[in-house]
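Novice: Based on the sequences and whatever the hints tell you, model everything.
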Amino acid sequence: MNKTIVMTAVAFGGSAVALGALGAHGLKEQLEPEALESFRTGVQYQMYHALFLLFLGLEKTLDPRSRKRVFGLVVTGILCFSFSIYFLSTAGLTGWDLSAIGWITPLGGVLLISGWGYLLYRIFRSKGR
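Each residue of the sequence shown is one higher than the one before, counting from 14 in the numbering used here.
One or more of the hints may lead you astray.
Below, in silico cross-link-like pairs of lysine-lysine (BS3-like), each with a Cα-Cα straight-line distance of 25 Å or less [what the hints assert, rightly or not]:
(1) K81 <-> K41
(2) K73 <-> K140
(3) K41 <-> K140
(4) K140 <-> K81
Just so you know, the hints here were simulated from the structure itself, not pulled from any lab data.
Specialist: And the structure:
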(Lines of atoms letter the chains of each structure in order from A; the text may use other names.)
(Lines give C-alpha, C1' and ligand atoms only; values in the text may rest on other atoms or scores of the structure.)
Protein backbone atom coordinates (compact mmCIF):
# COMPACT_ATOMS: atom_id res chain seq x y z
CA MET A 14 0.00 0.00 0.00
CA ASN A 15 2.81 2.43 0.84
CA LYS A 16 4.35 2.02 -2.61
CA THR A 17 0.96 2.73 -4.21
CA ILE A 18 0.53 5.85 -2.07
CA VAL A 19 4.02 7.15 -2.92
CA MET A 20 3.54 6.44 -6.63
CA THR A 21 0.19 8.23 -6.56
CA ALA A 22 1.81 11.18 -4.76
CA VAL A 23 4.53 11.38 -7.41
CA ALA A 24 1.96 11.19 -10.23
CA PHE A 25 -0.16 13.95 -8.70
CA GLY A 26 2.93 16.06 -7.97
CA GLY A 27 4.36 15.70 -11.46
CA SER A 28 1.04 16.40 -13.13
CA ALA A 29 0.58 19.46 -10.87
CA VAL A 30 3.89 20.84 -12.18
CA ALA A 31 2.81 20.15 -15.77
CA LEU A 32 -0.63 21.70 -15.24
CA GLY A 33 0.95 24.69 -13.50
CA ALA A 34 3.19 25.24 -16.51
CA LEU A 35 0.20 24.88 -18.82
CA GLY A 36 -1.68 27.50 -16.83
CA ALA A 37 1.27 29.89 -16.60
CA HIS A 38 2.27 29.66 -20.25
CA GLY A 39 -0.34 27.97 -22.41
CA LEU A 40 -3.52 29.34 -20.88
CA LYS A 41 -2.30 32.77 -19.74
CA GLU A 42 -3.56 34.48 -22.88
CA GLN A 43 -6.53 32.15 -23.36
CA LEU A 44 -8.37 32.48 -20.06
CA GLU A 45 -9.93 35.40 -18.27
CA PRO A 46 -7.92 36.41 -15.17
CA GLU A 47 -10.57 34.99 -12.82
CA ALA A 48 -10.58 31.63 -14.63
CA LEU A 49 -6.78 31.55 -14.63
CA GLU A 50 -6.72 32.23 -10.88
CA SER A 51 -9.18 29.36 -10.35
CA PHE A 52 -6.98 27.08 -12.44
CA ARG A 53 -3.98 28.04 -10.29
CA THR A 54 -5.97 27.24 -7.15
CA GLY A 55 -6.64 23.74 -8.49
CA VAL A 56 -2.93 23.28 -9.18
CA GLN A 57 -1.92 24.53 -5.73
CA TYR A 58 -4.29 22.24 -3.89
CA GLN A 59 -3.28 19.30 -6.05
CA MET A 60 0.38 19.91 -5.17
CA TYR A 61 -0.33 20.44 -1.47
CA HIS A 62 -2.13 17.13 -1.35
CA ALA A 63 0.49 15.32 -3.45
CA LEU A 64 2.94 16.27 -0.70
CA PHE A 65 0.39 15.13 1.89
CA LEU A 66 0.21 11.75 0.15
CA LEU A 67 3.99 11.53 0.00
CA PHE A 68 4.10 12.04 3.77
CA LEU A 69 1.33 9.48 4.23
CA GLY A 70 3.18 6.89 2.16
CA LEU A 71 6.42 7.37 4.08
CA GLU A 72 4.86 7.65 7.56
CA LYS A 73 5.41 4.48 9.62
CA THR A 74 3.10 4.66 12.65
CA LEU A 75 -0.36 4.69 11.07
CA ASP A 76 -2.15 1.34 10.82
CA PRO A 77 -2.81 0.06 7.26
CA ARG A 78 -6.61 0.40 7.49
CA SER A 79 -6.41 4.04 8.55
CA ARG A 80 -3.74 4.78 5.94
CA LYS A 81 -5.98 3.32 3.24
CA ARG A 82 -8.96 5.40 4.43
CA VAL A 83 -6.94 8.65 4.46
CA PHE A 84 -5.54 7.78 1.04
CA GLY A 85 -9.03 7.22 -0.39
CA LEU A 86 -10.37 10.48 1.04
CA VAL A 87 -7.45 12.54 -0.27
CA VAL A 88 -7.30 10.98 -3.75
CA THR A 89 -11.06 11.34 -4.22
CA GLY A 90 -10.83 14.87 -2.86
CA ILE A 91 -8.09 15.84 -5.33
CA LEU A 92 -10.04 14.39 -8.24
CA CYS A 93 -13.26 16.15 -7.23
CA PHE A 94 -11.73 19.46 -6.12
CA SER A 95 -8.82 20.17 -8.45
CA PHE A 96 -10.07 18.42 -11.56
CA SER A 97 -13.53 19.99 -11.39
CA ILE A 98 -11.78 23.37 -11.15
CA TYR A 99 -9.68 22.54 -14.23
CA PHE A 100 -12.77 21.62 -16.21
CA LEU A 101 -14.84 24.57 -14.98
CA SER A 102 -12.12 27.16 -15.52
CA THR A 103 -11.41 25.99 -19.08
CA ALA A 104 -15.06 25.57 -20.08
CA GLY A 105 -14.87 28.79 -22.10
CA LEU A 106 -12.17 27.25 -24.28
CA THR A 107 -13.90 23.93 -24.79
CA GLY A 108 -17.36 25.36 -25.27
CA TRP A 109 -18.78 22.80 -22.86
CA ASP A 110 -21.43 23.91 -20.38
CA LEU A 111 -20.12 22.36 -17.20
CA SER A 112 -22.05 24.47 -14.72
CA ALA A 113 -23.91 21.34 -13.60
CA ILE A 114 -20.71 19.90 -12.07
CA GLY A 115 -20.03 22.96 -9.90
CA TRP A 116 -21.22 21.09 -6.80
CA ILE A 117 -18.33 18.63 -7.14
CA THR A 118 -15.74 21.24 -6.15
CA PRO A 119 -16.98 21.84 -2.59
CA LEU A 120 -17.54 18.09 -2.17
CA GLY A 121 -13.87 17.62 -3.04
CA GLY A 122 -12.93 20.23 -0.47
CA VAL A 123 -14.93 18.41 2.19
CA LEU A 124 -13.17 15.16 1.28
CA LEU A 125 -9.75 16.82 1.55
CA ILE A 126 -10.63 18.30 4.93
CA SER A 127 -11.95 14.89 5.99
CA GLY A 128 -8.63 13.28 5.05
CA TRP A 129 -6.74 15.72 7.24
CA GLY A 130 -9.26 15.38 10.05
CA TYR A 131 -9.25 11.60 9.99
CA LEU A 132 -5.45 11.54 10.03
CA LEU A 133 -5.46 13.89 13.04
CA TYR A 134 -8.00 11.66 14.78
CA ARG A 135 -5.99 8.48 14.12
CA ILE A 136 -2.74 10.08 15.30
CA PHE A 137 -4.48 11.38 18.44
CA ARG A 138 -5.97 7.94 19.15
CA SER A 139 -2.72 6.02 18.49
CA LYS A 140 -1.06 4.40 21.44
CA GLY A 141 2.35 6.06 20.89
CA ARG A 142 3.69 3.53 18.40
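Novice: Against each hint, give a clear statement of whether it holds in the structure.
Specialist: Status of the hints after comparison with the structure:
no.: 1; hint: K81 <-> K41; in the structure: violated (38 Å)
no.: 2; hint: K73 <-> K140; in the structure: holds (13 Å)
no.: 3; hint: K41 <-> K140; in the structure: violated (50 Å)
no.: 4; hint: K140 <-> K81; in the structure: holds (19 Å)
Comparing the model with each earlier hint shows violations of hints 1 and 3; every other hint is respected.
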